[in-house]
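Line order of the protein sequences matches chains A and B.
Those letters in the first sequence? Residues 1 to 656, per the numbering used here, in order.
Those letters in the second sequence? Residues 657 to 972, per the numbering used here, in order.
Keep in mind the hints are simulated off the structure, nothing from the lab.
Given the structure is predicted, the values throughout are model-derived calculations rather than measurements.
Virtual Cβ for every residue (Gly too), placed ideally from N, Cα, C.
Some hints here could point you the wrong way.
Stated by the list, open to error - Straight-line alpha carbon distances no greater than 30 Å define the calculated DSSO-like cross-link-like pairs of lysine-lysine that follow:
id: 1; chain 1: A; residue 1: K643; chain 2: B; residue 2: K663
id: 2; chain 1: B; residue 1: K949; chain 2: A; residue 2: K162
id: 3; chain 1: A; residue 1: K382; chain 2: A; residue 2: K352
id: 4; chain 1: A; residue 1: K352; chain 2: A; residue 2: K249
id: 5; chain 1: A; residue 1: K612; chain 2: B; residue 2: K958
id: 6; chain 1: B; residue 1: K663; chain 2: B; residue 2: K861
id: 7; chain 1: A; residue 1: K225; chain 2: A; residue 2: K532
id: 8; chain 1: B; residue 1: K958; chain 2: A; residue 2: K101
id: 9; chain 1: A; residue 1: K592; chain 2: A; residue 2: K643
id: 10; chain 1: A; residue 1: K359; chain 2: A; residue 2: K249
id: 11; chain 1: A; residue 1: K96; chain 2: A; residue 2: K162
id: 12; chain 1: A; residue 1: K617; chain 2: A; residue 2: K640
id: 13; chain 1: A; residue 1: K359; chain 2: A; residue 2: K341
id: 14; chain 1: A; residue 1: K612; chain 2: B; residue 2: K957
id: 15; chain 1: A; residue 1: K643; chain 2: A; residue 2: K617
id: 16; chain 1: A; residue 1: K640; chain 2: B; residue 2: K663
id: 17; chain 1: A; residue 1: K592; chain 2: A; residue 2: K612
id: 18; chain 1: B; residue 1: K957; chain 2: A; residue 2: K101
id: 19; chain 1: A; residue 1: K592; chain 2: A; residue 2: K617
id: 20; chain 1: B; residue 1: K949; chain 2: A; residue 2: K101
id: 21; chain 1: A; residue 1: K249; chain 2: A; residue 2: K382
id: 22; chain 1: A; residue 1: K341; chain 2: A; residue 2: K377
id: 23; chain 1: B; residue 1: K868; chain 2: B; residue 2: K663
id: 24; chain 1: B; residue 1: K874; chain 2: B; residue 2: K663
What the hints assert, rightly or not - Computed far set for chain A versus chain B, every beta-carbon distance over 10 Å:
id: 25; residue: G218
id: 26; residue: E296
id: 27; residue: P390
id: 28; residue: N486
id: 29; residue: D547
id: 30; residue: M623
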Amino acid sequence: MDTSNHKLTMRLTPVLLGIHIVALPLYPHMPLLVLLATAILTLWMLLIVSGRISQPGRFVVFMLTVMVVAVLMKSFGTIFGQQPGSAMLLLLSFLKLFEMKSTRDIAIVIFMGFFLVASKFFYSQSLLIAIHVFIVVVYLTSLLIVFSDRLGTTRFNARMYKSLRMIIQAVPLMLILFVLFPRIPGPLWGLPKDAQTATTGLSDEMSPGSINRLVGSGEVAFRVKFSDDPPMRSELYWRGLALPNYDGKTWRIENAPSYAQPLLVVPDDEDTRYTYTVMLEPHNQRWLYALESMIEYEGLLVVTREMQLLTRNKVMDVMSYTLRSDTRVENRGLFEPERRKNLALPDQLNSKSVAFARKLFNESNRDSRLYITNVLKHFREKSFFYTLSPPLLGESAMDDFLFGTRRGFCEHYASAFVYLMRAAGIPSRVIVGYQGGAMHPFDDYMIVRQSDAHAWAEVWFVDEGWVRVDPTAAVSPTRIENGIGNAGLERDLLPAILISDNAIFQRARFMWDSFHNHWNQWVVGYNRNRQKELLELLGFYNASSGDLVMWLVVLMTCAGSLVAWWVVRKAPAKQKDVIRLYYDRFCRTLEKAGIVHYPNEGASEFMARVVKILPAKQHELSMITGDYERLRYGSDNNEKRIKRYIRAVRRFRARH
Amino acid sequence: MHAPDTKIRNAATAILQHAADNIGRIILGKDDQIRLALTCLVARGHLLIEDLPGVGKTTLAHAIAQVMGLGFQRIQFTSDLLPADVLGVAVYDRERTVFEFHQGPIFSHFILADEVNRATPKTQSALLEAMEEYQVTVEGETRDLPQPFFVIATQNPTHQIGTYPLPESQLDRFLMRLHLGFPDSLAERELLQGEDRRDMIEHIKPVLDGGKLISIQKQAGNIHVSNALLDYVQSLLDFSRNSPMFEFGLSPRGGIALLSSAKALALIDGKEFVLPEHIKQVLPAVVNHRLVKTSDELETKKQTAADFISASVPVP
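Full structure from sequences and hints, please.
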């Protein structure tokens, strides 16, 4: 290894550090094998940097490349796709460090770092990641400054400041691009399958434990902005899915959803109508949540017969939609096949429950309403408990629950209630969604968390249609009225945000949520509609993509000129006076003849050098140089001399 | 620009050129150093010559003094030299019953302080203070030194036992530091063939006297300095301060030194204004002893601090 090369490798520590800083948010998404490879390459590189071992030869680097591909194949089975792609970029960035020959190679690694930065957005587009990206970009730019400053004259602080200034100068351009670039509906490119990683949220089936598993999570499910006052807490039922199919353990959705529309009866007066916008966190599912019962929705959405609101694609980014609901709507439609489906019970595993239902129904004079009251009374009075840690149920789950454990969470009660209804011949189904939500203490929206996940029941009456019955309310009325945090549940199983008594902590959490919400609304969720809204706010109506591109070009040019002016402004005008400009011209003339004027060279020094090459021009050269020095460094500003000087420079030719 | 000014300036240039020629006849092949030494004298600065014994340090000092027509005193610094030996001492006069001050060798226009690094720091500072203040305080009484006052100090670079090399902060008191170096073969041949330098010095006719030197020094102060040139000086200073190569960079005093030397050199050159080339020519002598390098990276490239700075800063 020659010494100059060694000097180069010695300067690699900040670059190595840079790649690690860039890749930090990627590490949690990387398989162990890739992390191990990263660690080994880092250690190896550190040994080289410290001069303990020499840089590996071409063959070794080639073998390492083969091994990197092997690691990727072993971890992912492919080198294509989002995760393998970013893993490959990461490992290759490290590998590139092994073949440093010139500063140009370092520049390549730094540019790879910029790509790596972009790949982080595959995993998260949160505000934190954006802040991290900003810091990383400033750092990488400062590295570029270091390696292009061959004299090594700038100190760390000066470099960081310079880099920060450069990035801030780029911000107006970024904003213009962000605001005006035509938005393409849907994702820019098809994300590969592995993008659908597990996210917390309700699934399309319900079995004991599936909801109380969610209650421990303080994560936000969605945020809601009401255009007027929100309804009372006990009316806040956010409907997700109807689950009519039961196999003795699990409730499932209708497999072939019918697109026949529900038959809704909407009251004439508008006392109980609410218009609101839901900002849904990505949950990788097609269904959306709506306040019961929804009466108007946006055009791209679909409503099923079961009153489920669906989108065309799975929700992978923050999605916002505006709806209108009325809490007094009646849903009257019931076809015969639906009726049969909503009465079906699995094989007679729970004979005790069925017998109990029939007995109670007869005791209630076969009156559905009285029967429901009696069932709820049974839950209330026969020492049933509302708990987050219910005991496990056996084969005959209903019998075990109703006559054995009597301890359960909302899914147990909803499930048992629907079972008892069906056993008595009343069509009914389980509904899952969220119940409740807390207004943000100092911002104008409501937060619904995963811990608000809930299950309830719907019962069919001939005269009223589908009616919501929440058996949990019978067991624990406070759950519905005061929220999950105040339902007397085991505190250690609830998320800290709900039960913390620390006011500062609470406030900080809400503040952060508020930031996050604005970020989601205006940055991550900046889609076609938002762009349209914003442009209309600025007075542009019906802007086509072509108009946008035109505006983009115009504004970019303006902003670019502005930034350029800001940069150039620093250089005082007097430095570029006429005398100097003509001298520059003189130097350019000579440069074309192959004689380059060095920036650190005085005019006389330069002349002495030029005269040796062009002895025939000595007179002209010495006249121009003499006049230049006199005009620029002397106190002489004789008009005649200036004219003579300018004329001489104009006439000057390096060759005959 | 008034004609009489030009005339006076041209006369000053002619005298200085004449002086340089005369000295050049004695010190052979060292025209650049002679020019810089004269520059230093015209810029009212003191000169430090750092080189091996026997390359002509004393001869140079002697020749300059002779040409300038100035009273010359040589002080050989030794480890037992006391401040009083330099400055002078008050002796009690028994007959008149008063203390009478006996001036030391410092009361002279032109001092050659030979091998300053052999004296103790106490004696060194006595000299350096006199150089800085142009006055001497002995026994509570302040006495002005004669004007013009010029010190050439010599220092051996070899680190011998019992020497006290001048610290960086004191090196700053010298406007310039020069190295003489060995003469080239042609000059050496002439030196070997020619007559004794000592005799030659005695035969040199002085070209000016103290009064004329002072007026020439004033002339140098009037040389025009353009904004473009000040930009250049400032970017040199900025560069030295921001570069990680140097511990602290040049002080404002360093900047003033640079400019006054360049003005003096412009006068010697016969220019009515300072050119960037003048700055570049005085740069090594003025800044190399003022900068503390952080690493020996420059040494390995055989570059001095001044080379590095002037190669890095563009001329405006």
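Here's how the hints hold up against the structure:
no., hint, result
1, A/K643 / B/K663, "27 Å, holds"
2, B/K949 / A/K162, "25 Å, holds"
3, A/K382 / A/K352, "16 Å, holds"
4, A/K352 / A/K249, "16 Å, holds"
5, A/K612 / B/K958, "27 Å, holds"
6, B/K663 / B/K861, "24 Å, holds"
7, A/K225 / A/K532, "20 Å, holds"
8, B/K958 / A/K101, "25 Å, holds"
9, A/K592 / A/K643, "24 Å, holds"
10, A/K359 / A/K249, "24 Å, holds"
11, A/K96 / A/K162, "27 Å, holds"
12, A/K617 / A/K640, "22 Å, holds"
13, A/K359 / A/K341, "23 Å, holds"
14, A/K612 / B/K957, "28 Å, holds"
15, A/K643 / A/K617, "20 Å, holds"
16, A/K640 / B/K663, "23 Å, holds"
17, A/K592 / A/K612, "17 Å, holds"
18, B/K957 / A/K101, "21 Å, holds"
19, A/K592 / A/K617, "16 Å, holds"
20, B/K949 / A/K101, "29 Å, holds"
21, A/K249 / A/K382, "23 Å, holds"
22, A/K341 / A/K377, "27 Å, holds"
23, B/K868 / B/K663, "15 Å, holds"
24, B/K874 / B/K663, "15 Å, holds"
25, G218, "49 Å, holds"
26, E296, "66 Å, holds"
27, P390, "68 Å, holds"
28, N486, "63 Å, holds"
29, D547, "46 Å, holds"
30, M623, "16 Å, holds"
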